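*Asks:* Dock chain B against chain A, hints included.
Protein chains: 2
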Amino acid sequence: MVKDLIQDGLTAVEAQLRDVVHSDVELLTDAGLHIITSGGKRLRPQLGLLAYLAVGGQDVREVVPMAAAVEMVHTATLVHDDINDHSLTRRGKITVHAKWGRTFALLAGDYLFTKVYEMMAPYGPEYNVIMADACIKLVEGETLQAIAAKAGTMDRETYKTIISRKTASLFEAAARMGAMIGGGDEKSIEALAAYAYNLGLTFQIVDDILDIIGDPEEMGKPAGLDLAQNRGVMMAQNGGHGDVLEAEVAVAELPDDPIARMMAQLRESGAVEIARLQAEETAVRARTALDELPDSKIRDEMLELVELVLDRNR
Amino acid sequence: MVKDLIQDGLTAVEAQLRDVVHSDVELLTDAGLHIITSGGKRLRPQLGLLAYLAVGGQDVREVVPMAAAVEMVHTATLVHDDINDHSLTRRGKITVHAKWGRTFALLAGDYLFTKVYEMMAPYGPEYNVIMADACIKLVEGETLQAIAAKAGTMDRETYKTIISRKTASLFEAAARMGAMIGGGDEKSIEALAAYAYNLGLTFQIVDDILDIIGDPEEMGKPAGLDLAQNRGVMMAQNGGHGDVLEAEVAVAELPDDPIARMMAQLRESGAVEIARLQAEETAVRARTALDELPDSKIRDEMLELVELVLDRNR
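For the record, the sequence lines run as chains A and B. Note that the numbering used here gives residue 1028 to position 228 of the first sequence, counting from 1, and the numbers run on in steps of one. Note that the numbering used here gives residue 936 to position 136 of the second sequence, counting from 1, and the numbers run on in steps of one.
Warning: the hint list may mix true and false statements.
Which copy is meant is left open, so a pair is good if it fits within one copy or across any two.
[Said to hold, decoys possible] Pairs of lysine-lysine, DSS-like flavour, derived with a Cα cap of 30 angstroms:
no., residue 1, residue 2
1, 899, 960
2, 950, 893
3, 899, 950
4, 960, 950
5, 960, 987
6, 841, 987
7, 1097, 950
8, 1097, 899
9, 987, 950
No lab work stands behind these hints: they were computed from the structure. Every value quoted in this text rests on a predicted model; they were computed, and no experiment measured them.
Just chain A, with the same shape it has in the complex:
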């Protein structure tokens, strides 16, 4: 019953995402549909829908454009990320820039971002301020990450700032706006925002762990890709091993390829286990935030989502 409501909402989000990218400039439609139909997890729209239903929202059609818009922000940034990361595959499919080239990928990303703006416009100032703020934080987070990658350094504080801005902010905005559209009171809105924010942190830490220990086939992208850009270095930091990492692993066992070598070091160092504990800590915070809400089927769904994010293997 509750699952049906969420599924109906997600089906409507899917339809809107496909609908809204249509342009008489066919290349933009094609590139937009290519990335949209490549099968993302749709976590951000789910959070919007769940928060809406959690506060008693009665007609999911109210929340669908916002839920589609937060997924579109994510989609637009994926297209630009893949340019900057020179990634050739994403979700097991060729990336937009690998298929259409860098110039068109840059424009396609811009185009998807203008579509966010179009979808959000009708909601009015209160919502657009929240969404604009989340988008600003996201770009700031990506920039901090690129700065750290270039400098070849990443400390624990910087890592936290990066994942908070580039991932958790948009998760939070989705739930906050969903709860607002559903007419939630302030206490519920803040509880749902805190839930989603912490779920976002959990998601990103698990993502970075999977980049080191995940199965490339399940992930739909090569392992070590993010690590190669220094994202995963936080794990070494968390492990408290830093520079001495290499000494702790028998050199004979280490592969020659520098990425494979670093991944092996990270696996052996205990850094992954510590990152895992951090993911579990943020998951506890996400669950605890929901204590503010009354028992309900929707609340059960949200608790289940924490487990799914924590235990996913792709």
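*Replies:* What follows is chain B alone, placed relative to chain A:
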């Protein structure tokens, strides 16, 4: 008096543009200020201010955030354009991507675009729909241009579509929103929108002419730059010479460098004169649109702006 009002508005726009790009991620502040302080013509904010005053708007502070936002859209697209065009100079200064590299230029452009969204959010749905639409058209226009450049073809119809979307739409949106914020009636809003739209077409045609015959020092960028990407090919088409162009100019007189060669051909072919007539035609349409408005000092300013756009040499 009227000039003072406009100047006050533009000064406030300048301050807001500098203010809004501040981020605790210093690179984004620096890159934003770099492009913002490189001395653009600020035509789009001027149109917003003029339209606001033309319908009797009394407090320019109402219109300043919108006027700054339309300039910010333009600024964001310049940063991304320069990546795609591999341009090293813009307005006589090093480009963002030449200074900070492609990755950060892409992110800086995204960042400036999120700032547009932040500035516009308070205006509410009616305005944000107009702005989103103008942004979508702009990206579509840029994409059509890149497609034509890649294919090596450009016909007169495509050229018109491109300049309408990539330039005239944002000019139009600036004036339309300015007139709306000023409380104009429908007739005035449409007249000012038509004025600005045609001024945008005039501006872009003159821009493409200057790329062929302009003084690189005055322009602050190398001549033939746009031509090299096939934008100026429309001039050959307009001249009706197309493929036979080369035959009409004594071969001995043509330089070896392919860009210099093509520019010489275009200058000799009559294509520039025909493009000039098109610019004058769209200028007439811009002036005529103002017939709907009563005589006023502001209206005189707007007529003067048409002459400035038509007669500029940079």
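*Asks:* All hints, please: hold or fail.
*Replies:* Now for the hints, and whether the structure bears them out:
Taking CA atoms no more than 30 angstroms apart as the test, residue 899 paired with residue 960 passes between copies only; the shortest distance there is 28 angstroms, against 33 angstroms inside one copy. Taking CA atoms no more than 30 angstroms apart as the test, residue 950 paired with residue 893 passes in both settings, with 27 angstroms inside one copy and 25 angstroms between copies. Taking identical chains as interchangeable, the C-alpha atoms of residue 899 and residue 950 lie at most 30 angstroms apart whether they share a chain (26 angstroms) or sit on different chains (15 angstroms). Taking the shortest Cα distances, residue 960 and residue 950 sit within 30 angstroms of each other inside one copy (18 angstroms), while across copies they are farther apart (43 angstroms).
Taking CA atoms no more than 30 angstroms apart as the test, residue 960 paired with residue 987 passes inside one copy only; the shortest distance there is 26 angstroms, against 54 angstroms between copies. For the homomeric pair residue 841 and residue 987, the shortest alpha-carbon distance inside one copy (28 angstroms) is at most 30 angstroms, but the shortest distance between copies (48 angstroms) is not. Taking the shortest alpha-carbon separations for residue 1097 and residue 950, neither the intra-copy value of 46 angstroms nor the inter-copy value of 55 angstroms comes in at or below 30 angstroms. Within a single copy, residue 1097 and residue 899 get their C-alpha atoms no closer than 43 angstroms, and across copies no closer than 54 angstroms, so neither meets the 30 angstroms cut-off.
When the C-alpha separation of residue 987 and residue 950 is checked against a cutoff of 30 angstroms, the pair qualifies neither within a copy, at 41 angstroms, nor between copies, at 55 angstroms.
Comparing the model with each earlier hint shows violations of hints 7, 8 and 9; every other hint is respected.
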